[in-house]
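Trainee: Sequence order for the protein chains is A and B. Per this note's numbering, the very first residue in the first sequence carries number 1; after that it's consecutive. Per this note's numbering, the very first residue in the second sequence carries number 1; after that it's consecutive.
No lab work stands behind these hints, which were simulated from the structure alone. What you are looking at is a predicted structure, and each value in this text was computed from that prediction instead of being measured. None of the hints are false.
Calculated cross-link-like contacts (lysine-lysine; reagent style BS3-like; alpha-carbon spacing at most 27 angstroms):
#	chain 1	residue 1	chain 2	residue 2
1	B	K156	A	K156
2	A	K184	A	K71
3	A	K216	B	K111
4	A	K111	B	K223
5	B	K184	B	K269
6	A	K111	B	K216
7	B	K203	B	K216
8	A	K223	B	K111
9	B	K203	B	K269
10	A	K71	A	K111
11	A	K71	A	K182
12	A	K223	A	K203
13	A	K203	A	K269
14	A	K111	A	K182
15	B	K203	B	K223
Here are the chains, one letter per residue:
Number of protein chains: 2
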Amino acid sequence: MKTQASPRLVDLGEDEVVRELTRGLPVDGSVVAGAGDDCAVLEYGRTGYYQLFKTDCLVQGVHYTPDTPPKLVGRKALARALSDIAAMGGWPTQAVITLVLSPSYHMSYAKDIYEGLAEVAREFGVSLVGGETARPATSSGRTAIVSVSLLGLLEKSRCVLRSGGQEGDQVFVTGTLGGSIKGKHLQFQPRVWEGRWLSEHFKPSAMMDLSDGLAKDLPRLAKQSGLGFQLVYQRVPRSPGCELAQALNDGEDYELLFTVSPERAESLKASWSRIFPGLPLTHIGWLCPEDDSMASEFDELGGWDHFQKMPMAT
Amino acid sequence: MKTQASPRLVDLGEDEVVRELTRGLPVDGSVVAGAGDDCAVLEYGRTGYYQLFKTDCLVQGVHYTPDTPPKLVGRKALARALSDIAAMGGWPTQAVITLVLSPSYHMSYAKDIYEGLAEVAREFGVSLVGGETARPATSSGRTAIVSVSLLGLLEKSRCVLRSGGQEGDQVFVTGTLGGSIKGKHLQFQPRVWEGRWLSEHFKPSAMMDLSDGLAKDLPRLAKQSGLGFQLVYQRVPRSPGCELAQALNDGEDYELLFTVSPERAESLKASWSRIFPGLPLTHIGWLCPEDDSMASEFDELGGWDHFQKMPMAT
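Whenever a hint applies, use it, and build me the whole structure from the sequences.
Mentor: Okay, structure coming up:
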């Protein structure tokens, strides 16, 4: 009898790996939402509030280059986790940090990473309550990894999961998409205030932050709501100098992607432009039944399509 | 004018690095104890309770070898953090995991790590609520890192910090020390129940878990209490086959080190042997004024000394 070899991680997508690993994990009644959303949502002692819990990890050579100023590395490491708290409608409270650095790094490099962490922590009222360091194996070359775990809080009534989208809801995105690698990926503004405002005044039916690009993240959001989606390519807000494919695929936008019922959409747009005049809010599509037959073919004149037929970045 | 170059991490001790990095971090009124104890201690919504928050990181080639069965890697990763929760007198609640694995690993390796994590999570009632994966930089060889962040809870009245030791308190240690590398470092039992029992019945004045060896950890505990210590070498409980130097220096014992006032020590010893008959509890010394002049010279017949004159492992 032949046994099937386990596939290598390189042959699997990240979603597949995470899905496989987090299936059937132990959870108890304290867990409102576990692995699979932007943050875990936990019962909290304070009546009427949930606690949010998120971990994220920044790897040199993957998420930034050896040339990246270490202050910006620290900034990005915490800002990414903040973006996930924002995507639930919550506010951040405390974080712990683990730094894995080869011993050949200078102390000033590590301190600059912490300075970047502390700066963004102060900006968003986050307490940094723990800092571990570890040395990588000597065989692993020059390694630098910053792991951040972040707690947050959220009124139960304002909790927005990825899974709450309803058929016909309008899909919105903040800011502009694409070209983050030119600099925004290090200096983006996590949309914490925007997420708080949304969860208070126009509670989205579903929300997430855009980290892997609209082309990956919109299908995730729709799928977790048990739905499909229709996207108007022409409406996708592109960052200056970006083609559609970049806006769809580049990733690291750290903007909010969310859905709102059509009845509230007009009022949302009007209020948004008053409250956040500097930040575009764009209606880019709709949630629709998952059934493929509901998706029309891609139309060269511009129209609806599933991402399966989307122009891919080369 | 010459500027002084920042030292390399390799030239600094871990304590010094962490102290430098965590100095002046932003904290607010929600933080009872930040970086520097076994866990961060945070105000919690539920009246009468604190929340504990800890992050820890396991690196292949440092904390385990490439041959270590991955299930034991997962087990150890979570058990180390559990040991820190135990050292505060608390109980663990939820954890999130980040796995950094080279793409050449098989999926079965990652799944086995998670199986080990889930097994020890079930044993201690921990919910695993998030699992991130990241790929290391391609330049960093075959890398495997498991980062765990763990939450816990604790009655305010039972919170034990490292800093509460009083002059004259007796120093106790659970279990036996040394030789962990032969296997215990992968299969130790985090002393969660023992820590809970202690914090309820004989609340220690100070407590920590022994991860770096008594020779490093006892001075840390004493120093954080603003005191020195006296240690009776002959009393240090050695694991089978271990010399004194190993019991002092090997590290990774994951036993509890704590201090209790002399008035309560006799009663503690009697109760302990009834409740935990299989686990030794040993009175190994005292807390004393930090002033060096109070420490007697090392006595070949056995006596008191500061660790500065301790036999070091070679």
